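J.: Please model the complete structure; the sequences and the hints are all you need to start from.
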Amino acid sequence: MAEIVLDKVTKKYGDGYEAVKSMDLEIADGEFMILVGPSGCGKSTALNMIAGLEDISEGELSIGGEVVNNRAPRDRDIAMVFQNYALYPHMTVRENMGFALKLAKVDGKEIDAKVEEAAATLDLTEHLDRKPANLSGGQRQRVAMGRAIVREPKAFLMDEPLSNLDAKLRVQMRTEVAELQDRLGTTTVYVTHDQTEAMTLGDRVAVMKSGVLQQVDSPGNLYNDPVNLFVAGFIGSPSMNFIHGQVNGGEVELPFATIPLNDDLKGAAGGDREVICGIRPEHFEDAELIGDHLGDGVTFEAKINLVESMGSELYAYFESGSEESGKVEEAASAAGLEALAGGDAGQVVTRLPPESKAKRGETLKFWVDPDRLLFFDPESGNRLKS
Amino acid sequence: MSQVKTAISDRARSERRLGWLLCAPAAIAMLAVTAYPIGYAIVLSLQQVDLRFPDEGGFVGLQNYGAVLSSDLWWTDLFNTIFLSVISVSIELCLGMVIALVMHRAIFGRGVVRTSVLIPYGIVTVVAAFSWQFAFAPDTGFINHLPFIADDKDWFGERFSAFSVIIMAEVWKTTPFMALLLLAGLTTIDDGLYDAAKVDGASAWQRFTRITLPLMKPAILVALLFRTLDAFRIFDTIFIMTNGAQDTQSVSILGYQQLISRLNLGLGSAVSVLIFVCVLFIAVFFVKFLGARQPDGSST
Ligand SMILES: Nc1ncnc2c1ncn2[C@@H]1O[C@H](COP(=O)(O)OP(=O)(O)OP(=O)(O)O)[C@@H](O)[C@H]1O
Ligand SMILES: [Mg+2]
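Residue numbers (the numbering used here), protein chains in the order written: chain A, 1 to 386; chain B, 1001 to 1300.
Be aware that one or more of the hints could be misleading.
[To be verified] Taking lysine-lysine pairs in the DSSO-like style, the calculated list, with each CA pair at most 27 angstroms apart, reads:
id	chain 1	residue 1	chain 2	residue 2
1	A	21	B	1198
2	B	1198	A	12
3	A	105	B	1217
4	A	8	B	1198
5	A	303	A	357
6	B	1198	A	114
7	B	1198	A	109
8	B	1217	A	102
9	A	154	B	1198
I should point out that these hints are in silico values taken from the structure, not numbers from a laboratory.
Predicted model, so just to flag it, every value in this text is computed and none were measured.
T.: Structural data, given as structure tokens:
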């Protein structure tokens, strides 16, 4: 039972590279905190500093109210689950799970009882006397979890624990991890680069980019209320569309439509100016299927150049036709959104119901929800809010 | 269905035959240079062959073996050999492990460290033996001029002081080889395991004894096997330093003296065959009893 507080924690590696920059983060007792970000953004480094596997260059880290900067991992009472599981190959499942307790000189019978209890929870009982090399990926993953939970530590640290599993097993284990954390109520920091995992698992999600914490919030707030282009583009799949727009007296002119602004958005723009307008794919609709709400939104026509059917939904793409998509690309690459910076900025993706008649090469009448626009500053990439 | 099966087994069979064919030249060469001399030694060991009395030849059965095994000399020499092997290989293992750990963790100058460690191994044994002998020579060697050592200590005048110099020379010469073999084993261990062990609460020593050592068992066994076989046949160093004086003779020197100095090919061959049997026994012991299982439970 412990809260974890990072106070301006910084990591500078030997070669001078600053992997984590002045990170402030408070993880409440019992909270499930997700650290998410693209590869190389410093998530593992941050986690390893909490674990004590990497020294903290600057700042203060406390666990359960005590500053632990100078404590060895063994004195921090935390358990860790590694991406490649790091199971001891020469020990059986039972020995793997009991290793920490054995080192702590816990009585042999007690170790056995605890290991067996954890094994029962994780459905590992029949595998207790096998070696890790002979287990399946999912079983190994569970052994790694088991090794963490038998210790009843102050906190769990998990570094991409599911990324070596196949897609289906990953979804299944995701649920199990969430349930387990819920039941044990142990403070957990969970690192992932998969934003779906982040959105479905955590109480709160911390989004990182190049060593800098961008936003810490509930999954819902991250999705609906991102602080900048990076968070907006990183969270959500398919990601948010960014379109260059010009605010002009209560309206924003997009290349394919002119949309009247509500008071909030007017306040956000604060007068006539250039903006990057963010619209999530699901805030577009097929105008034919919208029914009564037709009058609430703006309609426009566009020629579809690609349709992807997912069964339960359709993704229809059209060219924004913007002359200024270069500016969007620039802003996106400055924000660290490689996918958009790669030249996709002119494409708009829309998410339509499967009944839609959208067809490649044909023109469709779209509807867009004017209340769901987000404005970003083209220079800084920050969200414009009233 | 059955046709598919025969097709596969045909392919497997022809592949196996090709394998044998490709091995054949090497196998024949091996047989020519090892099996023939061994066979010939066995034949000689069953005969009375003394080059000083060429006419008194003939088959004598196991008589030569009886002569060797009933002589005190053989047993003293066998003890010497085992004593030298056990002591020097144990020291080499410990030192080699330390050096391997240093080489593995060396952050700067890896290349320099590894190369410099290997230098002793690159020196011819005879040269190394002479260097050590000169260093320990009672009058001219520098060792006796070091503080705390009697100026006139005669290192080669007494059995166990002679042994200690021999062991030092052996250790100095072959520790690098040991270290290199151990380093190879060390690099196969996933660094993540150490992180896991740190988080699990293991101290540096516990990480070494509970992670490093068990996982290095195969590498340690290979290193021990190679070195024990080598050490058991120790010859050059003793030959140079004492030539077997003060009861420091090894079985190899015994065989050499019977064969070359006394020209008694029958007895000498019997000694050689006995050494061969010992070596074979050591090899089988290591491979069979200690090396049969990998630490992760799969068999080799
Ligand atoms: N020992 C090191 N020395 C120097 N730089 C390092 C070291 N370890 C990591 N880095 C750098 O720090 C940055 C962050 O690395 P880290 O492993 O924390 O990334 P990550 O967010 O966990 O990425 P991934 O999702 O790929 O695991 C990377 O740019 C990496 O190059
Ligand atoms: Mg990582």
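J.: Look at each hint and say if it fits the structure.
T.: Hints versus structure:
no. : hint               : in the structure
1   : 21(A) <-> 1198(B)  : holds (25 angstroms)
2   : 1198(B) <-> 12(A)  : holds (22 angstroms)
3   : 105(A) <-> 1217(B) : holds (25 angstroms)
4   : 8(A) <-> 1198(B)   : holds (25 angstroms)
5   : 303(A) <-> 357(A)  : holds (13 angstroms)
6   : 1198(B) <-> 114(A) : holds (21 angstroms)
7   : 1198(B) <-> 109(A) : holds (24 angstroms)
8   : 1217(B) <-> 102(A) : holds (22 angstroms)
9   : 154(A) <-> 1198(B) : holds (16 angstroms)
The structure fails none of the hints (numbered hints given earlier).
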